Amino acid sequence: MKTTLGKMIATATVISVAWYGSVYAEGSDLTVFDWSGYEDQGFFADYMTKHKTAPSYTFFGSQEEAFTKLRSGFTADLAHPCTDATKKWAAAGLIKPLDTSRLVHWDKLSPALTKMDGVVVDGKVYMMPFEWGNTGWIYRTDKITADAVSLQLAVDPEYKGKIAIPDAASSAYAFAALGAGVKNYANMNDEEFKKASDFLRKVHPNIRFYWSDAGQLDQAMASGEILMGWAWNQSELNLQGNKVPAVMMRDVKKGIATWVCGYVHLNSSTQSDEQVYDMLNALSSAASGKYIVEAWGYAHANTEGLAAVDPKTIKGYGFDKADEFFARSLFFDAVDPKLEAKMLKEFERIKSGF
Amino acid sequence: MAIQLKSEASKGMALSAPATLYVGLLVAVPLGILIVYSFWTQSYVDIDRTLTWANYIEAFQDPLVRHLIVRTIIIAGLVTIATVVLAYPIAYFIAFRTKKQTLWLLLITIPFWSSYLLRVFSWKLILGFNGVLNSALMTIGIINEPLTFLLYNEIAVVLTLAHAWAPFAILPIYVSLQKIDRSLHEAATDLGCNMYQAFIRVTLPLTVPGIIAASLIIFIPTVGDYVTPALVGGSEGKMIANLIQVQFGAANNWPMGATLSLLSMLSVGFVAMLAVFTMNTAGRRIR
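For the protein sequence lines, the chains are B and G, in the order given.
The numbering of the first sequence is the numbering used here, which starts it at 21 and goes up by one.
The numbering of the second sequence is the numbering used here, which starts it at 8 and goes up by one.
Where hints are given, some of them may not hold.
[What the hints assert, rightly or not] Chain B stretches covered by chain G per the calculated footprint, using a threshold of three residues with CB under 8 Å from any CB of chain G:
(1) 49 to 55
(2) 80 to 86
(3) 225 to 232
Quick caveat, the hints were computed from the structure, so don't treat them as lab data.
These numbers come from a predicted model, not from an experiment.
Heads up, the beta-carbon is just placed ideally off N, CA and C, and yes, glycines get one too.
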């Protein structure tokens, strides 16, 4: 009876998902489950030359949503999570290891990325790193000086109601780990976990809101409703594009985090490996790298791609110090599952003032 | 030859069969799944299918769950009271004081012409830091700095929900007012009641069913609302549905989510029954 129940749920989901998906399915046979925006054909020009039609894309808004959808039976060939999710996806049997010998650009990808935890899970490569960027402390330069700014200002009573951090446990704990001076964010012991939680508890009274979409944060920062926020470099670009005097604190000593996302081969894939690897090779080419930096302001995994861009642009985005970042910033590693569950639970309490 | 249904009962059964089937499949079955899930437990990415009370024990021991359920019921209760109190005069006006009833009813449905999400966002624009209200007050010179207590708290949630649900309160109250036999009102006046007394002792008790219907229609769905608190509630305005959403999403703990859903259903059911009983008694008393 239990299995029948499971099947019923799965069938119902598959039917609804299939119906939804069919609205989008108009490209080639290859299907990619991605964040919206990544269907930009500049990212995979080589694939277009060879196969003529673009893959069909289905989008997710958060990694948790993607995980839930894949678990309930949604199928695709490739997906685009970040390194903090791969361990869980692999444990759930959603993804299969990649054959790096078939990835023609693999050797040109930054070694700091191809060896990192989350790209490699249990000694096997599960992800082809694609792009990376920073999550950091963005602040209004007209209200706070570069010397004065620090993560510790988040607990300063003077900034009551002037702070925003993400409404996502893992991201909030990365911020807290840096703020409280805790190392090993992904494997904190009980004492370190308590230290980070206490930091978040002290930040809580100063929080205006826990942001769930970057637009909310950007607008609040632009209007002066908040003065500091833990956010992605995308927000910094957006704010500067709108002439708001805001910048990300890029001092590795004061605390900054790096996120890395990439493509994984789903177990539910139905298309030939040849097509899948053609796509992966197109995505990791130097041309794709150049394009993503210039058009999007994200850093690409391919070092040759970064080298091809005007150094001024690279410097403007802070990608010139990539090695320093990789060596010293906090990486969004795959958090230990037990710790992750603890973080989620504790974060809900902290947000409600417990 | 067409099949002839013999008794009234079988005719009734045949007529209600589609609806019964529909409700059975779309309400009873999912509810059954929810109940089964609540007795399972999550272990990392898999579900442990041994039946256990573990989720219920955990939920009962967790002060956060209690706190959120109580807050949810308070918020939903405030929304219900605010909406019904504000809706009653409007319904009264439409039922007794105007001849253009169709026009007025049409006007009342206007908020429904735009998406619910858009209405929530408009409240965000109105109450926001550099929103309509703050800008207006600053232009007039009443305040120097934007008021920050307008958004991201319980008040914002109550305000937004009360606006969104207003038509649901006006319509049932209007119908119950409409049904009142006008001669009862004349009789009350003949017997020496003034306007106020006639309202309290005749009109109001006769509209209790309408008030109960309106209250339930508002109270029950608002308890389960998670979009509004997520957008305008901040951390002070979080409700139980937000915690349930976390269980089904980020926490990937469907069994716990199912348990919390059932617990909130039970508390809503209990509070709603209590409210119906109180209102019925009160309605009978004032007469």
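Hints, verified against the model:
1. 49 to 55: violated (count 0)
2. 80 to 86: holds (count 3)
3. 225 to 232: n = 5 at 8 Å, threshold three: holds.
Comparing the model with each earlier hint shows a violation of hint 1 alone; every other hint is respected.
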